[in-house]
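Q: Protein chains in written order, with the numbering used here: chain A, 1 to 356; chain B, 1001 to 1356.
Honestly, the hints are just simulated from the structure, not real lab data.
If you're wondering where the values come from, they're calculated on a predicted model, not measured in any experiment.
Idealized CB from N, CA, C, for every residue including glycine.
Any given hint might turn out to be false.
[Unchecked claim] Computed list of chain A residues with no C-beta within reach of chain B, every gap over 10 Å:
#	residue
1	143
2	274
3	313
[To be verified] One-sided and incomplete, this derived list gives chain B residues near chain A with beta-carbon spacing under 10 Å:
#	residue
4	1037
5	1073
6	1081
7	1086
8	1107
9	1110
10	1119
11	1152
12	1178
13	1182
14	1214
15	1241
16	1264
17	1266
18	1267
There are 2 protein chains.
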Amino acid sequence: MRDPPAILSPSVDWSSLTTSVARKAQDEDSILRKIADRFRSSSGQGLEKPIALGIGDDAALLRPKPGHELILTCDWFLEGTHFLRDKHPPHSVGWKCLARALSDVAAMGGIPRCFLLSLAFPETLTGRWLDLFLGGLRHASRKFRCSLAGGDTTRRNDILINITVVGEVRTGHAILRSGARPGDILFVSGRLGEAELGLQTIRRSKGMTSTKNALTRKHLYPEPRLALGQWLAQKGFSTAMIDLSDGLSTDLTRLCAASAVGSLLDQSKIPQVRFPDTSLRRSHDPLQLALHRGDDYELLFTVPPRKAKFLPRVFQGVRLTAIGKITPNRELLLLEKNGCSKQLAPGGWDLFRKKL
Amino acid sequence: MRDPPAILSPSVDWSSLTTSVARKAQDEDSILRKIADRFRSSSGQGLEKPIALGIGDDAALLRPKPGHELILTCDWFLEGTHFLRDKHPPHSVGWKCLARALSDVAAMGGIPRCFLLSLAFPETLTGRWLDLFLGGLRHASRKFRCSLAGGDTTRRNDILINITVVGEVRTGHAILRSGARPGDILFVSGRLGEAELGLQTIRRSKGMTSTKNALTRKHLYPEPRLALGQWLAQKGFSTAMIDLSDGLSTDLTRLCAASAVGSLLDQSKIPQVRFPDTSLRRSHDPLQLALHRGDDYELLFTVPPRKAKFLPRVFQGVRLTAIGKITPNRELLLLEKNGCSKQLAPGGWDLFRKKL
């Protein structure tokens, strides 16, 4: 038996880092070196879980924490489907591809551990675009304490990204979608519809979007609600949870179906977009944005009534709002401002129907 | 604290399996149902590690085996780069995308645990192509005892596949690339160059390739050497190991670089392709195929001389051949038939230079 390996050793496909004599692999080498350098230099700066990317191997090795389960999730992030090369700043593409995958870990109440990056892109983007992309990715990696453990790169005309995130959660403490019970109060974090408003602003704008525009910020730089998810799991407040990636109506339908329950949403309670000017207000219905548009990455969760009173109104700067309750019959109803309730059909994001 | 969850619960993006009311997600639903059905039906038939795919959640949950480390690897498998839609049978595409990712687990001496499937493809392929693809994927999943744990699907004009495999290995028993020492004997499994010969046969052929052609079999249906890798790790025979995905000259360069050693290959010992007819022999140099062509997924490993004599010549039907030895200086040399040795430069597969 050899000496115990490092907790994480990096994955095979980046092994050519070490093959400096490999003439044919020089192109790939320089890209892999760039990726490794970018992440290596961050490891000494206060990250709790540094990794050594210097030596490649066939796969990454991960030593699980005793008493914990692992959370596994993967996510496409594709040019033309999830982002546009000429509109979305590469720094935000790097941030968002990791942030949205981390949102699935948040929705289980988990702690991020590491991620794998699969990246395909044209040779023409190996300079500035790649630098900025890796800058955004590294920023998210450091902020959410999720280390790069390995990956795979290849050349392609389109930019293709796939992220696998590994998280961990104390055994038995993951919050599933299936635990909601009739009478539970339905809560949501943040405001809904802001990401869609940002996307529509980007669509109307000419050329590359500024990363400093407050309206587009939620679309370009979503924040996975990791601290909130972990706190809910730790405190045992929440019976069920899902992240809002595809819109409230669609994701609530999923949570209710998994729990075999229904729900009654109170329209007046749903935290909606606040418009900075009247022209935007005229062209958008904030309720429709909140109900049916995706990409917000807020958390939707259920809390039994006896525990709901202990929930703060604001958690680490993020509003928590009670927006309805779970009902025994499997219908989804929306209580309108006139006091009538109507059926709510899922109307969210569906990539098999809709493109950017 | 809720009841302990199943060892594996499936990933979020397939949660819409449960949203039968989601009108907008009907297309995706039917695809996800097809995938889940295909894999669900296999779980009762003798698989050691069945999973329940019936209920979706935000991510898959995996309970690690005590005393084991996890092996993580991801692999692109892209139309036009790694396979051609009109040449490669969809059944073999399904098999190969998983088999080649599993080869990285084999190269660490690991045991497959589960995989995530990220799949993007055009709506026009949701019928027969998808059925055959899933048939091949399921075949590999059952044969190599690696369960589907989750994934992500979306629509795309090209077929894009990314596979993440999770394996496990007893803590400290993974075979790395970095353990080779001067004097170690260099072994290889199987014959080298067969996959490239298969690819060239496919390129010359018209239309879809037959899955029954013996010449193309190694290219279409590679067999990750999992049993051999596990046996070597368990017996402690091997000091270093890598799988031959990019060709002997390139992968040997990587192993030597990781171990800070060199090697002397004996040309006459390298197990080469046997040609079924003279026309093929005229157009191909078997040594060049063996040295520089990839996709064989055989294992290249080093064994200390005192242990090498205990290694069988054939392991479960696969030949194990001593092809050279590890040297202290960092050169790679090839001993030719005339008794002279020359420098060996890596000449293998490089996707940043070369396409199908």
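Q: Please go over all the hints and tell whether each is borne out by the structure.
A: Hints and how they fare:
With a minimum CB-CB distance of about 20 Å to chain B, residue 143 of chain A clears the 10 Å threshold, and the non-interface call stands. Every CB of chain B lies more than 10 Å from the CB of residue 274 of chain A, the least distance being 27 Å, so the non-interface label holds. Distance check on residue 313 of chain A: its Cβ is at least 25 Å (rounded) from any Cβ of chain B, clearing the 10 Å threshold; non-interface status holds. Residue-level restraint check for residue 1037 of chain B is violated (minimum Cβ-Cβ distance to chain A is 17 Å; threshold 10 Å).
For residue 1073 of chain B, the shortest C-beta to C-beta distance to chain A is roughly 4 Å, which falls under 10 Å, so the interface hint holds. A cut of 10 Å between beta carbons decides the hint on residue 1081 of chain B: the least distance to chain A is about 6 Å, and the hint holds. Nearest Cβ of chain A to the Cβ of residue 1086 of chain B: about 19 Å, over the 10 Å cut. The hint is violated. The interface hint given for residue 1107 of chain B is met, as the beta carbon of that residue sits about 4 Å from the closest beta carbon of chain A, less than 10 Å.
Interface restraint check for residue 1110 of chain B: the shortest CB-CB distance to chain A comes to about 7 Å, inside 10 Å, so the restraint holds. Contact between residue 1119 of chain B and chain A, as hinted, is supported at the beta carbon level, the nearest pair being about 9 Å apart and thus within 10 Å. Interface restraint check for residue 1152 of chain B: the shortest CB-CB distance to chain A comes to about 5 Å, inside 10 Å, so the restraint holds. Given hint, residue 1178 of chain B at the interface with chain A, holds; its Cβ is 6 Å from that chain's nearest Cβ, closer than 10 Å.
Residue-level restraint check for residue 1182 of chain B is violated (minimum Cβ-Cβ distance to chain A is 17 Å; threshold 10 Å). Against a cut-off of 10 Å between C-beta atoms, the interface hint on residue 1214 of chain B is violated, since the closest Cβ of chain A lies about 29 Å away. Taken as an interface hint, residue 1241 of chain B checks out: its beta carbon lies about 8 Å from the nearest beta carbon of chain A, inside 10 Å. Interface hint status for residue 1264 of chain B: violated, as the beta-carbon distance to the closest one in chain A is roughly 16 Å, over 10 Å.
The restraint placing residue 1266 of chain B at the interface with chain A is violated, with a minimum CB-CB distance near 21 Å, outside the 10 Å limit. A least Cβ separation of about 20 Å between residue 1267 of chain B and chain A goes past the 10 Å threshold, and the interface hint is therefore violated.
When the structure is compared with the earlier hints, violations turn up for hints 4, 7, 13, 14, 16, 17, 18 and for no others.
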